[in-house]
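Take the sequences, apply the hints, and build the full model.
For the sequence shown, this note's numbering gives the first residue as 84, with consecutive numbering after it.
Please keep in mind that the hints were generated in silico from the structure rather than gathered at the bench. The C-beta atom is built at its ideal place from N, Cα and C for all residues, glycine as well. Errors might be hidden in some of the hints.
[As the list claims (entries may be wrong)] No more than 16 angstroms apart at the CA atoms, straight line, and that leaves these computed lysine to aspartate or glutamate pairs for EDC-like: (1) LYS447 <-> GLU305; (2) LYS202 <-> GLU479; (3) LYS276 <-> ASP315.
[What the hints assert, rightly or not] Beta-carbon label-pair distances, calculated as ranges: (4) LEU123 <-> LYS276: 27 to 37 angstroms; (5) LEU123 <-> GLU382: 37 to 47 angstroms; (6) GLU239 <-> SER142: 44 to 54 angstroms; (7) GLY342 <-> ILE480: 11 to 21 angstroms; (8) GLU239 <-> GLY133: 39 to 49 angstroms; (9) THR158 <-> ASN283: 41 to 51 angstroms.
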Amino acid sequence: MELQKNLEKYAELIAKIGLNLKKGDNLQISFNIWGRELALLVADKAYEMGVGDVLLSFSDERHQLSFFGKADDVTYFPDFKARYLEQLAEHKYHRLVIDAANPNLLKNIDSERITAAQKVRSQKTRKVMEYSMSNFIKWCIVAVPNPAWATSVFPELKEDQAMDKLWENIFMATRVDLEDPVAAWEKHDLQLKIHEKFLNEANFEKLLYKGPGTDLEVYLAENHKWVGGSGDSQDGDRFFANIPTEEVFTMPDRAKVNGTLKATMPLAVMGKLVEDMSFVFKDGVVIEFKAGKEQEVFEKILDSDEGSRRLGEVALVAHNSPISNTGILFQNTLFDENASCHFAVGAAYPENIENGANLTDEEKVEKGMNDSRIHYDFMVGSEEVKVTGVKADGTEIVLLADGEWQI
Numbered sequence: 084m085e086l087q088k089n090l091e092k093y094a095e096l097i098a099k100i101g102l103n104l105k106k107g108d109n110l111q112i113s114f115n116i117w118g119r120e121l122a123l124l125v126a127d128k129a130y131e132m133g134v135g136d137v138l139l140s141f142s143d144e145r146h147q148l149s150f151f152g153k154a155d156d157v158t159y160f161p162d163f164k165a166r167y168l169e170q171l172a173e174h175k176y177h178r179l180v181i182d183a184a185n186p187n188l189l190k191n192i193d194s195e196r197i198t199a200a201q202k203v204r205s206q207k208t209r210k211v212m213e214y215s216m217s218n219f220i221k222w223c224i225v226a227v228p229n230p231a232w233a234t235s236v237f238p239e240l241k242e243d244q245a246m247d248k249l250w251e252n253i254f255m256a257t258r259v260d261l262e263d264p265v266a267a268w269e270k271h272d273l274q275l276k277i278h279e280k281f282l283n284e285a286n287f288e289k290l291l292y293k294g295p296g297t298d299l300e301v302y303l304a305e306n307h308k309w310v311g312g313s314g315d316s317q318d319g320d321r322f323f324a325n326i327p328t329e330e331v332f333t334m335p336d337r338a339k340v341n342g343t344l345k346a347t348m349p350l351a352v353m354g355k356l357v358e359d360m361s362f363v364f365k366d367g368v369v370i371e372f373k374a375g376k377e378q379e380v381f382e383k384i385l386d387s388d389e390g391s392r393r394l395g396e397v398a399l400v401a402h403n404s405p406i407s408n409t410g411i412l413f414q415n416t417l418f419d420e421n422a423s424c425h426f427a428v429g430a431a432y433p434e435n436i437e438n439g440a441n442l443t444d445e446e447k448v449e450k451g452m453n454d455s456r457i458h459y460d461f462m463v464g465s466e467e468v469k470v471t472g473v474k475a476d477g478t479e480i481v482l483l484a485d486g487e488w489q490i
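This is the structure in structure tokens:
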């Protein structure tokens, strides 16, 4: 594997396709030590493309462990830090997040400390999240391996072998291993737009999910919009929020979800791995939740605010996707959500409803749009889960069966 060559291709893909950088843009890059080389390569490419300023924001796992384990007050988050992040967005600093998270980093930390810190941070950075979710700025999330993540995914391998293996699969999932990744992503975007167009023209009233442990009815929000592949910023620039992405997603009605649901993959969240999750929904609300491992971690997420027990996103992904076909549980939502249909509890994306960025709070609720300071994806698809779209006149169309698109 030619790591440096592939890193350079990865950086070019991020700059040209992920963020679609233009002359005069500004950029913030968040990364830790494992993402340093990629961050610098993206910065190089950004300056070549005419970007005015590239701001590097460094974090470190050792510091994170020290904070959660030793800080006297984990809820301390001064207002000026939140205002600084808001001003970056207000000044149109587009955002790249290079994720190199250890899924088990905080496994020995009291979950009460983690959730207390996350709650305060999410409250104070609510406006920052809204700037991203409404596409006020262009934003993109990508990933690079770190040794702890790699050996967790490939425990049978030595550390250096596990790192190589995870790099290999990341490059495959992101199409960086192809001769021309940029052209490959242009083609991939067109394919996702075919499904987007069909689903929008079909204008389904609701979706039905049936599979082992799952029998769920999900009504879609009034004037909902499906989005697949690239999205558009409020300035009209195309970008990809996630690389990789295989999903076509839309907005559920926050008050019209009923039935049972079983997650099909573990979820890495807040440095812990939540396994064997199941839900019961009534009138849009999670009224019962169970997990085989780390149940209290996700329960605290569900208790974050009034909207955190309701759905904000439904996404369709063929089980026969490139990521799913690796047969790997990445223990990272960026990859695992693109191997499977998924839902998200919490905030909805304004782009998933007509004129979403300009609706008043009252109009959002009226149309079924959920509001929350959190947004957490979890995976629900498999080759055993069937998804059917139902129109207002009762017409049913099978969308996914046996893991494959049926449209």
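Verification of the supplied hints:
Between LYS447 and GLU305, the direct Cα distance comes to roughly 10 angstroms. Compliance with the 16 angstroms bound is thereby established for this hinted pair. Restraint check for LYS202 and GLU479: not satisfied, since their Cα atoms lie roughly 41 angstroms apart, outside the 16 angstroms limit. Taking the CA atoms of LYS276 and ASP315, the gap is near 13 angstroms; set against the 16 angstroms cutoff, the hint holds. Checked against the hint of 27 to 37 angstroms, the C-beta distance between LEU123 and LYS276 comes to roughly 33 angstroms, which is consistent with it.
For the hinted restraint 37 to 47 angstroms between LEU123 and GLU382, the CB-CB distance of approximately 40 angstroms keeps it satisfied. At roughly 30 angstroms, the beta-carbon separation of GLU239 and SER142 lies outside the given 44 to 54 angstroms, and the hint is violated. Checking the proposed 11 to 21 angstroms range against GLY342 and ILE480 shows it holds: the Cβ atoms sit about 19 angstroms from each other. Here the CB-CB span from GLU239 to GLY133 is close to 46 angstroms, well matched to the stated 39 to 49 angstroms.
Here the CB-CB span from THR158 to ASN283 is close to 43 angstroms, well matched to the stated 41 to 51 angstroms.
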